[in-house]
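Asker: So the sequence lines, in the order shown, correspond to chains A and B.
Note that my numbering has the first sequence beginning at 2, numbered continuously upward.
Note that my numbering has the second sequence beginning at 101, numbered continuously upward.
Honestly, I wouldn't trust all of these hints.
Claimed, not checked - Covered stretches of chain B (chain A as the covering partner; in silico rule of three or more C-beta atoms under 8 Å from a C-beta of chain A):
hint : segment
1    : 117 to 126
2    : 200 to 210
3    : 277 to 288
4    : 293 to 302
Unchecked claim - Chain A residues, not near chain B, derived (Cβ > 10 Å throughout):
hint : residue
5    : Arg-22
6    : Met-25
7    : Val-52
8    : Val-53
9    : Leu-55
10   : Val-73
11   : Ala-75
12   : Leu-79
13   : Gln-101
14   : Leu-113
15   : Ala-136
What the hints contain is simulated information worked out from the structure, not anything from laboratory work.
This one's a predicted model, so the numbers in the text were calculated from it and none came from an experiment.
Virtual Cβ for every residue (Gly too), placed ideally from N, Cα, C.
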Amino acid sequence: MKVGWFTIILVLTIFTTGAFRPLMVKTAAVADPLLILLVWFALVDRWPRIVVVLSVICIYRLYGGISTPLEVLAPLLLVLIAVRGLRQLLDPYHPWKRFQIVIPALLLGAVLQEFVLAGNLPTISFVFQSCWVVALFVALLFPVLDLTTPLLRSARFPL
Amino acid sequence: MKRIERAYWAIGCWLVLALIGYGLQPLVSSSGSVDVHRQLLEQALQHSLISETEELAILDRQGLLDRFLSANFVGSLFQLVPARMSPHNDPHPRRSVARLDRGSETGLTAGMGVIGAAGVIGKIISTGPGWSLVQLADDPAFVIPFIDEDGRLAIYAGGPDRGQGHPRLRIDPVKLDKSMVVRTHGGGGTFPEGLVVGIVSEVRIPFRDTVIRPTSTLHQGQEVLILTPMTRLDTR
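Build out the structure end to end from the sequences listed, making use of the hints.
Answerer: Below is the structure:
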């Protein structure tokens, strides 16, 4: 594992989350770059690296914030479980088919996040409206992340 | 171009995009909501709904103390601790938080109410020496009871968007109209009765989709007062 580049990609994703924060609030954080990064690793990478990404996100969000561990961890774990489950059914290496894994997983995470934070489930219209936001952000970030794979020696992305 | 070169380019472009995002933040963050709030406030004033929120300007510390020390609620239940509030970005993108320059050394604890010139600002959620974090009134997890003009009770919750709140639960048969001012109920012990929670901005069906706008200065640096409950010994 090339720790240096791995760290840079993580920091850059945190930086991006901060940069597009106003947009993030309006879209109820369904298009959170940190979640998209976690999903990207969860699609095809090894568990140790997925766990590292998960831990970094948790520590970053718990430190200096007011969120409880449940509010931070529950949506992330659900996204992770959804991705690892759906990849048994669909090809995670296919540039388009993987969207069918990623979008439902991110939407599930967002629904659980709203439930844990606000105590009520989002409406069906919220889910439909969020679909295109997730698709747009994933379509923007995934190609960039795919291009960075040569920097991560142990990454298993044949794209 | 080799794959490794493409990777370097990708990282570089990503960094530039993030920097552009930071640069555009002041434009994207809702300056429109302040105008909407001001417009609503003017409508409310025209209907003589409120008198004390006529100033939208942020008061200085002494002005704020003078304003609320003359209010009726102060004599009985709460002491007022002045503090400086500054904007703070929570690492979680959905949370809405601010930071105070006072903390546990002045006896502040989690759960205390924070008010500003125009009404409810939020609740203290955690404290330390010299700092406190305030959960603002538009945070999705912020919940307080409120009353309408006829004194009927409902529950206010923050969100779903920044600078917004909504009625979560109707306990009495509350009827909300546009430009109506909703106030604190006084139950729960965090806020006294009668402070402005916000102004109804849009009335929607179902009831919980109605939009209530808390003070427009929530995310600005300002002087605030913390409501610390008096003990029985203090009241003597």
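Asker: Would you pick out the hints that fail for this structure and give their numbers low to high?
Answerer: Result: hints 2, 3, 4, 5, 6, 10 break, sorted rising.
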